[in-house]
Amino acid sequence: MFFNNLKPLHGNVYVNETWCKGCGFCVQFCPTNVLDISPGYNAKGYHPPYAKTPERCHNCLYCQMICPEFAIFVKGDDECVKGETNQ
Amino acid sequence: MSTLNDIAQFKQVSPMSGILRMERMPHIWCPGCGIGSEVNSFAEAIRRSGIDQDKLTVISGIGCTGRVAGYSNFDSIHTTHGRAIPVATGMHLANPKLKVVVFSGEGDLSGIGGNHLIHAARRNMDMVVICNNNFTYGMTGGQVTPTTPGGAIASTTPYGNYEYPFSLPFLADAAGATYVARWTSVHARNVTQAIEEALARKGFSFIEIISPCTTLYLRRNRLGDGVDWLQYFQENTVIKHGCDTRETAIDYQGKIVIGKFVDKQKPTYLESVDKRYVQVVGDDYQLYGKTVPEREAEEKAEQERIAARRAAALAEPEAGA
Chain G
1 MFFNNLKPLH GNVYVNETWC KGCGFCVQFC PTNVLDISPG YNAKGYHPPY AKTPERCHNC
61 LYCQMICPEF AIFVKGDDEC VKGETNQ
Chain V
1 MSTLNDIAQF KQVSPMSGIL RMERMPHIWC PGCGIGSEVN SFAEAIRRSG IDQDKLTVIS
61 GIGCTGRVAG YSNFDSIHTT HGRAIPVATG MHLANPKLKV VVFSGEGDLS GIGGNHLIHA
121 ARRNMDMVVI CNNNFTYGMT GGQVTPTTPG GAIASTTPYG NYEYPFSLPF LADAAGATYV
181 ARWTSVHARN VTQAIEEALA RKGFSFIEII SPCTTLYLRR NRLGDGVDWL QYFQENTVIK
241 HGCDTRETAI DYQGKIVIGK FVDKQKPTYL ESVDKRYVQV VGDDYQLYGK TVPEREAEEK
301 AEQERIAARR AAALAEPEAG A
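Just so you know, the protein sequences line up as chains G and V, in that order. Under the numbering used here, the letters of the first sequence match residues 1 to 87, in that order. Under the numbering used here, the letters of the second sequence match residues 1 to 321, in that order.
Here chain G stands alone, though its shape is the one from the complex (with noise of 0.2 Å):
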């Protein structure tokens, strides 16, 4: 969804494994349901996020702002910049 011919913008996630405590604020509340638990364990037991449809980010740094153990940030790709579509 996109208003009008708005370009969409793409944002790389980049998690650290090693900071997270698991409380899946990242995965339940990404607009876009880029991230999801994965299976694995870090060093201290908790299930850390992986990016499951990384295609799909969108750079909101929304899953950066509400992360509480700050292990996540968001990048935006190199030709992520605003601007307009020609359609």
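Just so you know, the hints here were simulated from the structure itself, not pulled from any lab data. Remember, predicted model here, so these are calculated numbers, not experimental data. Any given hint might turn out to be false.
Derived DSS-like pairs (lysine-lysine); straight-line CA-CA distance at most 30 Å [said to hold, decoys possible]:
hint, chain 1, residue 1, chain 2, residue 2
1, V, K275, V, K290
2, V, K266, V, K55
3, V, K11, G, K75
4, V, K11, V, K55
5, V, K290, V, K97
6, G, K44, V, K11
7, V, K264, V, K55
8, G, K52, V, K11
9, V, K55, V, K300
On the provided structure of chain G, position chain V as indicated by the hints.
Only chain V this time, still in chain G's reference frame:
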């Protein structure tokens, strides 16, 4: 590429570096606690506000939220229980150029230090008070606080709380605060905006942020974990900007009224001091070795620098992008 487990590299590239003391991570807060989300919003608000980070002070009392002062990479003080606002008041009066932010919990601010809260609001001290409300004394074992809703179970009320709780926005508004807002930890962008507005204005700003305490409040009341409560926040909050603060009481598992309730202008404490003494002493009255017009000119220059930095911060892509 979605994992970045090299801690040294993560600390460098994370947008929080420079704002938080990354060498102290991971922090002590429980899984599912909302304080970390609030600190994220706080960091983003500081970045966008454009205020000089050397002139920013974070002061916390005791408690889980009191740890924020230790984790933020500014000048910060972790004071005794309940005395965050007196220390902030003293700091503001000793050096009015400092931007003073009090970041503490509701037990610290309204329970142990309730008297200080109402008097700082009454005097309209120029400071930002961010109050994390999780309905319990988290660090000491889940005792009942002044905001625990009626009927909720705490370690000191094992059969349910029978006290009448405080509504903190009502308390702050009645005491004379000039900016009163309430959000929850799931409303990350609204919290960011509220802190940004509060940092940009003068006077006593009070922001209450409701957050889950999974280990004590939620577990004792069998309300699930952090995700369950953030969903409860999403479904049971009503945004009412400008709402009469008398209608902001919180019932046990009831609807929560959130929004920006009060935003008004009133002379701050130091402005009132200036006004009174100019009447008494005359125009050559000096405070901190400078007359009133000199200090106003300095402040105006600082505001212009802040506006320039803010424009630069907003022009560059969002943090992390």
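Given the hinted pair V/K275 and V/K290, is their alpha-carbon gap at most 30 Å?
holds (14 Å)
Measure nothing beyond the straight line between the CA atoms of V/K290 and V/K97; if it is 30 Å or shorter, mark the hint as holding.
OK: V/K290 and V/K97 at ~13 Å, within 30 Å.
Please verify whether G/K52 and V/K11 have alpha carbons no more than 30 Å apart.
holds (24 Å)
Straight-line alpha-carbon gap V/K11 to V/K55, limit 30 Å:
OK: V/K11 and V/K55 at ~24 Å, within 30 Å.
Does V/K264 pair with V/K55 here, judged by a C-alpha cut-off of 30 Å?
holds (25 Å)
Given hint G/K75 paired with V/K11 - CA-CA distance at most 30 Å:
Satisfied, since the Cα-Cα distance of roughly 14 Å is no more than 30 Å.
Are the Cα positions of G/K44 and V/K11 separated by 30 Å at most?
Judged against 30 Å, a Cα distance of about 19 Å means the pair holds.
Assess, step by step, whether the Cα of V/K266 is no farther than 30 Å from the Cα of V/K55, and give holds or violated.
holds (23 Å)
Against the 30 Å threshold, does the CA-CA distance of V/K55 and V/K300 hold or violate the hint?
Roughly 15 Å separates the two Cα atoms, so the pair holds.
Violated hints are absent here; each numbered hint is respected by the structure.
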